[in-house]
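Required output: the full structure, derived from the provided sequences and hints.
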Amino acid sequence: MPSREAGVPRIGLDDFGAFYERNYARAFRTAFAIVGERSIAEDVTQDAFVAAFRGRDQYRAGSTRETWLLRIVVNKAIDHERRRRRITMLPIVAETSPLLDDDHRTIDRLDLQSLLGRLGATQRAAIVLHYLNDLDYRTVAIVMATSVGNVGALLSRARAELRRQLEMDANAEARRR
Amino acid sequence: MTDDEQDARLRQALKDEYADEQGSQPAWEGSPARLRIESRGTAGGSRLWQAVAATLMLVVVGSVLVLMPRGPMAGDDPSL
Numbered sequence: 001m002p003s004r005e006a007g008v009p010r011i012g013l014d015d016f017g018a019f020y021e022r023n024y025a026r027a028f029r030t031a032f033a034i035v036g037e038r039s040i041a042e043d044v045t046q047d048a049f050v051a052a053f054r055g056r057d058q059y060r061a062g063s064t065r066e067t068w069l070l071r072i073v074v075n076k077a078i079d080h081e082r083r084r085r086r087i088t089m090l091p092i093v094a095e096t097s098p099l100l101d102d103d104h105r106t107i108d109r110l111d112l113q114s115l116l117g118r119l120g121a122t123q124r125a126a127i128v129l130h131y132l133n134d135l136d137y138r139t140v141a142i143v144m145a146t147s148v149g150n151v152g153a154l155l156s157r158a159r160a161e162l163r164r165q166l167e168m169d170a171n172a173e174a175r176r177r
Numbered sequence: 001m002t003d004d005e006q007d008a009r010l011r012q013a014l015k016d017e018y019a020d021e022q023g024s025q026p027a028w029e030g031s032p033a034r035l036r037i038e039s040r041g042t043a044g045g046s047r048l049w050q051a052v053a054a055t056l057m058l059v060v061v062g063s064v065l066v067l068m069p070r071g072p073m074a075g076d077d078p079s080l
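Just so you know, the sequences run in chain order A and B.
Take the first sequence: its position 86, counting from 1, is numbered 86 in the numbering used here, and each next residue is one higher.
Take the second sequence: its position 12, counting from 1, is numbered 12 in the numbering used here, and each next residue is one higher.
It is worth saying that the hints were derived from the structure and are not from the lab.
Keep in mind that a hint or two might mislead.
What the hints assert, rightly or not - To give a feel for the contact side, a few chain A residues facing chain B, derived at Cβ under 7 Å: (1) 17; (2) 19; (3) 29; (4) 33; (5) 36; (6) 42; (7) 59; (8) 112; (9) 132.
Given the structure is predicted, the values throughout are model-derived calculations rather than measurements.
Note that beta-carbon positions come from the ideal geometry of N, C-alpha and C, so glycine has one too.
Below is the structure:
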C-alpha cells in the first residue's frame, strides 16, 4: 500500500525522461556556477539526477519538481565543495571592478569564477540561485532548506564579501601601477 | 552606485557567464544506469577512493615483496 498522499503528483518512470531533458541544462548551469569546473559539474548533475530518480517517491507537493531537483543539485554541489577543501586560492585578477565602477564594462570569466571561488560554498549557492536562476528569497530558502531571513543574511554577506574582494583587487592593481 | 544597480550588474555578469552553458548531457535511456556509465567519476569523492585504493594496493604489493622468502643467491655462504 503506497504511503503517498492522494493527489500528490509524483514523477513516474515515463515522465522522468522528459523531466531529465527539460531540466538538465539548468541543473548543470547551477552546479557549474557553484563548483567552478565543468567536468565536476557534469558529475554533480548526473549524480543529482540519479539521486532524484531513486528518490522520486519522496517528492512531495509544496514545492515544484524543479525546486526539488535544484535542492538535490545544490546539496551535492555544496557537499562536493566542502570535501574538496581548497588549499589554494584561485588567481586574483586585479582589474578595476566593473561591479564598482560606472563605465558598464563586463566582468570577464576569470574575474567572476575567481570571485565566486572566494566565497563559501553556501554563499555561492545562494548567489547562484538568486541571481542566475532568478529565484526569489522564499524559493531559495526552500531549495537551501533554511529560512527566508537566513537567505537574506547569506546574500547580504556574500555581496559584502564580493565588494571587499573587488576593492582589494583594485587596491592591489593601483599599488602595482 | 546603488545596491539595486550592483545587483543588476551581478545578475547580468552571472547570466553572461553561465546562460549558454549546457554541459555534456548523456542520453536518457529509461534508467539512471546509462548516466552512471557515462559519468566520468571525477568528483572529489571518486578521486579520494581511487587514491585510497591505489595506496592500499601499493602497501599490499610492497608487503608481499618484502616478506616473500627468497632462495640462495650468489655470494651466500652455503654452510649457513
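Against chain B, with CB atoms and a cut of 7 Å, does the hint on residue 42/A hold up? holds, 5 Å
Interface hint status, residue 59/A versus chain B (Cβ within 7 Å): Violated. Min distance 15 Å.
Minimum beta-carbon distance criterion (7 Å), residue 33/A to chain B: The hint holds - residue 33/A has a Cβ within 7 Å of chain B, the shortest such distance being about 5 Å.
Residue 132/A as an interface hint toward chain B, with CB separation required under 7 Å: holds, 4 Å
Hey, does the residue 112/A contact hint survive, CB to chain B under 7 Å? holds, 5 Å
Measuring from the C-beta of residue 17/A to each C-beta in chain B, is the shortest one below 7 Å? holds, 4 Å
Residue 19/A was flagged as interface toward chain B. Is the shortest Cβ-Cβ separation under 7 Å? violated, 9 Å
Restraint: residue 29/A near chain B, CB-CB cut 7 Å. Satisfied or not? At about 5 Å, which falls below the 7 Å cut-off, the nearest Cβ of chain B leaves the hint on residue 29/A intact, so it holds.
With a cut-off of 7 Å on the beta carbons, see whether residue 36/A makes it to chain B. Check failed: Cβ of residue 36/A comes no nearer than 11 Å to chain B, outside 7 Å.
Violated hints, in rising order: 2, 5 and 7; the structure is consistent with all others.
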